[in-house]
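Enquirer: Produce the complete structure using the sequences and hints provided.
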Amino acid sequence: MNTYNMRNKEDFKVEDFVLDSDFRNWILYPEHSNKMYWTKYLKENPSKYPDIIKAKKIVLNLSRKTQEVSPERLETTWGNILDATIRQHIEDDQDNTVPLNAESTIKNFEPEYNRFLKVNQFIKIAAVLLLGVLLAYLGRVAFDEGELIEEAPLIVEDYSSPPGVKSSLTLSDGSKVILNSGSRLNYVKNFESDQRVVELEGEAFFEVAKDSSRPFRVKTGPVVTTAIGTSFNIKAYSGSSIDVSLTTGKVEVEVNFEEKTTIDLSPGEAVNINRETQRSNKVSFNEEQVIAWTKKTIYFRETPFSEIKRVLENWYGVEIHLYNESNKEIEVSGAFIDQSLDNVLEGLSYSARFDFEINKDQVKIYFK
0 MNTYNMRNKE DFKVEDFVLD SDFRNWILYP EHSNKMYWTK YLKENPSKYP
50 DIIKAKKIVL NLSRKTQEVS PERLETTWGN ILDATIRQHI EDDQDNTVPL
100 NAESTIKNFE PEYNRFLKVN QFIKIAAVLL LGVLLAYLGR VAFDEGELIE
150 EAPLIVEDYS SPPGVKSSLT LSDGSKVILN SGSRLNYVKN FESDQRVVEL
200 EGEAFFEVAK DSSRPFRVKT GPVVTTAIGT SFNIKAYSGS SIDVSLTTGK
250 VEVEVNFEEK TTIDLSPGEA VNINRETQRS NKVSFNEEQV IAWTKKTIYF
300 RETPFSEIKR VLENWYGVEI HLYNESNKEI EVSGAFIDQS LDNVLEGLSY
350 SARFDFEINK DQVKIYFK
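Using numbering that gives the first Met the number 0, read the sequence shown as starting at 0 and increasing by one per residue.
Worth double-checking, as some hints may not be accurate.
What the hints assert, rightly or not - Pairs of lysine-lysine residues, derived as PhoX-like cross-links and limited to a Cα-Cα distance of at most 25 Å, are as follows:
#1 K281 - K259
#2 K308 - K363
#3 K175 - K188
#4 K188 - K165
#5 K165 - K359
#6 K367 - K308
#7 K56 - K8
#8 K249 - K218
#9 K42 - K53
#10 K209 - K249
#11 K259 - K249
#12 K8 - K53
#13 K12 - K56
#14 K12 - K53
#15 K56 - K39
#16 K188 - K209
#17 K39 - K12
#18 K165 - K295
#19 K218 - K165
#20 K367 - K295
#21 K55 - K8
#22 K39 - K55
#23 K165 - K294
#24 K8 - K39
#25 K42 - K56
#26 K42 - K12
#27 K281 - K363
#28 K308 - K295
#29 K249 - K308
#30 K249 - K175
#31 K259 - K308
#32 K53 - K34
#33 K34 - K12
#34 K165 - K363
#35 K249 - K281
#36 K249 - K294
#37 K175 - K39
#38 K42 - K55
#39 K308 - K294
#40 K34 - K8
In case anyone wonders, no lab produced these hints; they're calculated from the structure.
Expert: If you want it as structure tokens, here you go:
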């Protein structure tokens, strides 16, 4: 009994079947062993059914008396054979029935092949439906992810420190701010991706967290102070000049009046910007005096009384009324560490020569 290697014929095409002596013998001179082999082959390789049909027709059209096929005939045959292959497989049922010949084997297998085509078509339809569901799911996921990564809306904070109250706050980037009495800070809560901007009215001391990719800018009217990682004081109360005093690091002060000017400051340097004359003046400053307020200290050094009045009103949250004030501007010096308003006025009265009355939030000063 001859044995055949079925695996070698799994990749056969029409021309391969025609040239295969086992296949030709099965078609032309069927033997029992051939019948067993090709029956099993068809069951295990249902996708080869169309090729076998074509190959059978070609073999039958060749002369049965011709034992060998001439090279010329082979070349002609090869040129007329279509290379069509269905590459799907289904499991077959075991069948021990041996057909009488190749014709009956092929004919009996036709229903099996039709079932193969139906199953194959079902698989294709199921694959299309599955693909549709998968695409819909991926679209939903992409939409959901789009919602998750959508940028949060900008939230603007408006932080104020009323007269008589000083406030400390830490911004989202880690920068620290001490806000003086009667001051206001406006800023985007989480800052933007490319910059950190705050708007100040009043006085504040900044300790800026370093972030080279996002400069820290403080806007005070026509002045913009830019820093990366540094500490500085800005005083910009309404109706008064703007003072930017640098304690550590480096800042760039941009003044925007009719003409824009830029001033770079180093530690110990300050710039005074007069809103009325629109002029700026770069000077050195006394750090103890400028940031004394952050240490609960009121520090006056030859300070005009008009400025002293403003400082005390903000510091203690009172309203001060002046009487018998002379036309000559009075300048006073003194330092008061965490003192009550009554003690501060008592100390100033000796130099400025005045009497005073305190009635809740109303203060009257009578110059002698």
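Enquirer: What's the verdict on K42 and K53, does the C-alpha distance respect the 25 Å limit or exceed it?
Expert: Distance of about 18 Å is within 25 Å: holds.
Enquirer: Quick one, are K259 and K308 close enough, alpha carbons at most 25 Å?
Expert: 33 Å, violated
Enquirer: For the pair supplied as a hint, K55 and K8, is the alpha-carbon distance within the 25 Å limit?
Expert: 16 Å, holds
Enquirer: K249 and K294: Cα distance at most 25 Å?
Expert: With a Cα-Cα distance of about 23 Å, the restraint between K249 and K294 holds, given a limit of 25 Å.
Enquirer: Are the Cα positions of K56 and K39 separated by 25 Å at most?
Expert: Given that 25 Å is the threshold and the Cα spacing comes to 21 Å, the pair holds.
Enquirer: Hint check: K308 vs K295, CA-CA at most 25 Å. Holds or violated?
Expert: 17 Å, holds
Enquirer: Tell me if the straight-line CA distance from K42 to K56 falls inside 25 Å.
Expert: 20 Å, holds
Enquirer: For K165 and K363, compute the direct alpha-carbon distance and say whether it is at most 25 Å.
Expert: 24 Å, holds
Enquirer: Do the alpha carbons of K308 and K294 lie within 25 Å of each other, as the hint requires?
Expert: 20 Å, holds
Enquirer: Under the criterion that the straight-line Cα-Cα distance not exceed 25 Å, is the pair K175, K39 satisfied?
Expert: 85 Å, violated
Enquirer: Does K363 sit within 25 Å of K308, going by the straight-line distance between their CA atoms?
Expert: Judged against 25 Å, a Cα distance of about 11 Å means the pair holds.
Enquirer: Can you confirm whether the C-alpha distance between K12 and K56 stays at or below 25 Å?
Expert: Holds - the C-alpha atoms of K56 and K12 are around 14 Å apart, at most 25 Å.
Taken one by one, the earlier hints fail for this structure at numbers 20, 27, 29, 31, 37, listed in ascending order.
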